[in-house]
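Reassemble the complex: the two chains are provided individually, in unrelated frames, and hints are given to aid placement.
Going down the list, the sequences are from chains A and B. This note's numbering puts the first sequence at residues 5 to 125. This note's numbering puts the second sequence at residues 9 to 189.
There may be inaccurate statements among the hints.
Stated by the list, open to error - Computed cross-link-like contacts, SDA-like style, restricted to lysine to any residue with a CA-CA straight-line distance of at most 20 Å:
| hint | chain 1 | residue 1 | chain 2 | residue 2 |
| --- | --- | --- | --- | --- |
| 1 | A | K69 | B | Y34 |
| 2 | A | K69 | B | Q18 |
| 3 | B | K129 | A | C42 |
| 4 | B | K53 | B | Y92 |
| 5 | B | K49 | B | Y91 |
| 6 | A | K59 | B | K53 |
| 7 | A | K59 | B | G149 |
| 8 | A | K59 | B | D36 |
| 9 | B | K167 | A | R48 |
| 10 | B | K167 | A | E13 |
| 11 | B | K125 | A | T57 |
Everything labelled a hint here was simulated from the structure, so no lab data went into it. Only a predicted model underlies this, so the values are computations on that prediction, with no experimental measurement involved.
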Amino acid sequence: MKCSARQDELILYVDDEISDEKKIIIENHIQECANCMCFVNAVRNADDYAGRTIKCDRDLLAKVKEGLDRDYYKKKSYGIIHRIMFYWPLYKPFLAVMIIAVILFSLFYFNLIGHIRRTFF
Amino acid sequence: MREDRLLIKQTLNGDTDSYIKLISRYNDNLFSFIYKMTLSKEDTKEILQEAYIHAYKSLYTYNCVSSFAVWLYRMVANEFRRYYRKKGKKIKLEKDSIDLDVLSGTEPGCQSQEDYKLVIKFINSLEENQKMALMLEPLEGFNYKDISQIIGVSVENAKLNVHKAKAVIGQKFCESQKGEK
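In isolation and in its complexed conformation, chain B is listed as follows (with noise of 0.2 Å):
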């Protein structure tokens, strides 16, 4: 936090390399929120690029309301957004899911991979604002506070898409495998 004020501040002394600083502090998580977000590594980078130098310029309206993570993610949350207006189209899924080799970690636990790649088919058919608010929750320790001010809906609401979004996942998780068997 403290680090973030003062890359900011050198940022607004004309030091652009701070900026870059600044924002790779971020980078892996948002290009990992967009990606999951859109599918498309091409739409994500457009995307990111776009946000980051529309916030190199807002840049001096930046205020102590929330932190910096969460200005920088609703920034980047109003520019996928308005990138998907800009085209005319709503958000067209090339395939259902992303790679599972680019994810970082180990494999998932005690589940099967075929069961890791049908609970993400679940989570990229859910509404927009639920897998935004599902997406941001693990990420820079964000509460829903923060969820709220990022997809710019009440506290409650961005609760209640989350656990929205977590009881779909499962319910339809629980009825494919039902429908196996």
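Looking at chain A on its own, in the form it has when it is part of the complex (with noise of 0.2 Å):
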């Protein structure tokens, strides 16, 4: 098997996202490919270096507090806004299933098909 195509298998074991049994067969394989062992060495210190965390330096919040504007929530009633805001995307598709709903109750109660149809054919 060429290494070049287990590139991507050889990332999905970094990730441990592969089945136990593959698994065993990298680990083995790379115990005796020297490529493939730097490859996955090269992932895992890339996987480390994006993990670790750098320390920010407590003036940056300081600074951001002083550029608040402390009166910008207390001049509208962006509480409430923000309640209908925040479950929005889960009640638009709701909505717009009762509006058709009402609409087709509407034609069909009040006849207003037949009344359409009387009016202009």
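Encoded structure:
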């Protein structure tokens, strides 16, 4: 098997996203293949670097606090707008279905289709 | 998550201290993320300051589609792009890497510092979206869906960016090792 064909599997191996069976195969392979071992180490180092935290100086948050408009949320009732906006993506489709249902119900209940037909045709 | 919602509610009632408390929960990770993207402390601070103030003013628009962490990271990622667009230049890295001693934790396990630095150099040569996706993956327990929302691509694309970034780094590193021998 060509080592270059195993790159995706090696990445999944480092991420621990492969089956135990494949994991053993790869573990045995990288013991013998210096190239794949090198690849795995590089990916592990990249993950390690990405996951490391760098402490931020405290003065940043102090500056942010200074820059905030203290009265911004006192001017309008943003709390109410937020409460409506927060679940808006959830009840948007429900609202659309309700509107369509009301229109269809009105059309049939008040015999609006017959009325439109008599008026225009 | 519940604590975030409470702090958002208090902020929207006019309590700025709650907002500072809210962003301080993510501040170190966001600083790490942007600092690794820019390699400049000054630029990072400017970007974060702008993003936090912008996020404060838009806080009432935050909705239940994503977690607050994803929403805030998206704000910061957008500000990062806007910052460099505003300056009218591409990200120009002042140096190859950040100083390793600022990183938290112990030294990388079995690898030498030279190897570690070389990997960082390859990370810094990645395309913007690839580097962003790679840097985001281990932060805040983000999955590919979260990463896709933050950088504004499809879930498939986010996954592809992470895998491609890792493949490029692995390949370049192995080639450099072969070259040394």
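To see whether the hints hold, each was checked on the structure:
1. A:K69 - B:Y34: With Cα atoms ~15 Å apart, A:K69 and B:Y34 stay inside 20 Å; holds.
2. A:K69 - B:Q18: 15 Å, holds
3. B:K129 - A:C42: 16 Å, holds
4. B:K53 - B:Y92: 14 Å, holds
5. B:K49 - B:Y91: Roughly 14 Å between the alpha carbons, so the hint for B:K49 and B:Y91 holds.
6. A:K59 - B:K53: 12 Å, holds
7. A:K59 - B:G149: 19 Å, holds
8. A:K59 - B:D36: 5 Å, holds
9. B:K167 - A:R48: This hinted pair holds, its Cα atoms lying about 17 Å apart.
10. B:K167 - A:E13: OK: B:K167 and A:E13 at ~14 Å, within 20 Å.
11. B:K125 - A:T57: 16 Å, holds
Going down the numbered hints, you'll see the structure goes against none, and every one checks out.
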